[in-house]
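*Asks:* Mind docking chain B on chain A? Use the hints.
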Amino acid sequence: MPSIVAGVIIFLVLFTYPFWGNLGNKTAAPVLVTGTTEKQCVEKTEFMKTSHMKLLDEWRDAVVRDGKRVYVSKLNGKHYDMSLQNTCTKCHIKKDQFCDRCHTYVNVSPNCWACHIDPVQGINPQTPPQQQTAYNAHTQGEGVATDGSR
Amino acid sequence: MDRDRRDFLKVAGLSALAIGAAPHLACAADDMPGEAIPSPKALTAKRWGMIVDIRKCSKATSERKCVDCVVACNNTHNVPSFDSKQHEVKWIWQTGLENAFPGEENRFLDEYITDTLKGTPIMVLCNHCDNPPCVRVCPVQATFRRSDGIVMQDQHRCIGCRFCMAACPYGARSLNWVDPRPKIGQVNKEYPTRTRGVVEKCTFCFSRLSVGVIPACVESCKEKALIFGDVDDPNSEIRQILRTQPTIRRKPHLGTRPQVYYIL
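Protein sequences, first through last, are from chains A and B. Under numbering that gives the first Met the number 0, the residues of the first sequence are numbered 0 to 149, in order. Under numbering that gives the first Met the number 0, the residues of the second sequence are numbered 0 to 263, in order.
One chain only, chain A, in its complex shape (with noise of 0.2 Å):
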């Protein structure tokens, strides 16, 4: 019996460790950067910061499965192009200080930037840009495929 009860003690220690073993620690809040002078988000600051990957989602579903590309804004009636890409980071121009500071410090780790493109970094940090001169089509030299491709 005593046996028992010390190995419940300590596995209860180890278990809460995370918990107790924090208290009193003060991790910093990120200090987020947006690199703009415009004072006011689409919609309240405060829903903003709760709601910003709902209303995300939202745009994306309207965007491009119902064809609605113009956001009406309840805030301030103005209207907005539905875009990540060519909206959002036209104010959140630095990503790396604002979306990455915060998602790295609540350990989240969204795939927006899988396909969407950082307006600063491009899609290749490491390596400059090829320029793209001409199309690199299969059958560019004998004319036609005769591949059997469809």
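Keep in mind that the hints were calculated from the coordinates and are not lab data. Quantities reported herein were computed from a predicted structural model and do not represent experimental measurements. By construction, the Cβ of each residue, glycine as well, lies at the ideal position given by its N, Cα and C atoms. Some hints could be false.
[Unchecked claim] Short, incomplete list of chain B residues facing chain A, as computed with Cβ under 8 Å:
1) 31
2) 38
3) 42
4) 151
5) 180
6) 191
7) 207
8) 236
[Claimed, not checked] Using 20 Å as the maximum straight-line C-alpha spacing, the simulated SDA-like pairs for lysine to any residue come out as follows:
9) A/53 <-> B/34
10) A/93 <-> A/107
11) B/188 <-> A/77
12) A/67 <-> B/213
13) A/43 <-> A/5
14) A/77 <-> B/36
15) A/53 <-> A/8
[As the list claims (entries may be wrong)] A short list of chain A residues far from chain B (calculated; beta carbon distances all over 10 Å):
16) 35
17) 39
18) 99
19) 103
*Replies:* Frame of chain A; chain B shown alone:
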């Protein structure tokens, strides 16, 4: 405590209802506060369609190996250019006449093809079928047919299963086997790229249409060999041409009802 079966069921039922409704209520509160509307500048149609006039096209291809439409499309949509055919990604591309129109080999068409259209590449793209087999097989509705006839591809939903590629009889769909980003030449920062593991295709430039611009390939064609318009509008340019010129479509016997027409 005195509780009969009836009271218990009442409480259980109400609890179940509350638990079921809670996420919906919470969700409704967080829905987007504003409203989504189509752009007033958007080009709209009852049924988008296209004509490819191979006579005009072949003149440009024989004179200057013209691939203007392909370059314009690829640059607009960040389409990667892989050297290997295995990894190839195609939105609009050139193929041989016998590949574009198998089953059209009547004796005299053959003569026309061997003499007049000798070696002419045919521009092919997604046919935006009225009865699209790709849409029927997609298990996640990543590809769907819009009310204006555009067969759309939602990259956010695509799981890369390639059922659509197997279903499409025109080979108009390509999977990104590897990360396409290093193979994109000129990057258009206004349009996203794709990522590894999703299927992509021509979308009739839905994003350009939504801001009032015609598709990139049509705009780039100096020969005016690509005609884009509303095939359900009897007064449209495309219908004028369909009325006065003989046109054929790719593999019509399959019943997909393609909406890209060819003048040979």
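*Asks:* Decide if the proposed pair is consistent with the structure: residue 77 of chain A and residue 36 of chain B, CA atoms, cutoff 20 Å inclusive.
*Replies:* Distance of about 12 Å is within 20 Å: holds.
*Asks:* Double-check residue 151 of chain B for me: the hint is only fine if its C-beta lies closer than 8 Å to a C-beta in chain A.
*Replies:* holds (7 Å)
*Asks:* Grab the minimum C-beta distance from residue 180 of chain B to chain A and call the hint holds if it beats 8 Å, violated otherwise.
*Replies:* holds (5 Å)
*Asks:* Is residue 67 of chain A close enough to residue 213 of chain B, meaning Cα to Cα at most 20 Å?
*Replies:* Between residue 67 of chain A and residue 213 of chain B the Cα gap is close to 17 Å, so the pair holds against 20 Å.
*Asks:* Quick one, are residue 188 of chain B and residue 77 of chain A close enough, alpha carbons at most 20 Å?
*Replies:* violated (24 Å)
*Asks:* Residue 236 of chain B was flagged as interface toward chain A. Is the shortest Cβ-Cβ separation under 8 Å?
*Replies:* violated (22 Å)
*Asks:* With chain A as the partner, please determine if residue 31 of chain B meets the hint condition of a C-beta pair closer than 8 Å.
*Replies:* holds (4 Å)
*Asks:* Classify the label on residue 103 of chain A as holds or violated, using whether its beta-carbon is more than 10 Å from each beta-carbon of chain B.
*Replies:* The claim stands: residue 103 of chain A keeps its Cβ more than 10 Å from every Cβ of chain B (closest is about 21 Å).
*Asks:* Would you settle whether the hint for residue 38 of chain B is holds or violated, based on the nearest Cβ-Cβ distance to chain A being less than 8 Å?
*Replies:* The hint holds - residue 38 of chain B has a Cβ within 8 Å of chain A, the shortest such distance being about 5 Å.
*Asks:* Straight-line Cα separation of residue 43 of chain A and residue 5 of chain A no greater than 20 Å?
*Replies:* Violated - the C-alpha atoms of residue 5 of chain A and residue 43 of chain A are around 53 Å apart, more than 20 Å.
*Asks:* Just want to verify: residue 39 of chain A was marked as not at the interface with chain B; is every Cβ pair farther apart than 10 Å?
*Replies:* holds (13 Å)
*Asks:* Check whether the Cα positions of residue 93 of chain A and residue 107 of chain A lie no farther apart than 20 Å.
*Replies:* holds (18 Å)
The structure fails to meet hints 3, 7, 8, 11, 13 and 15 from the earlier list, while all remaining hints are met.
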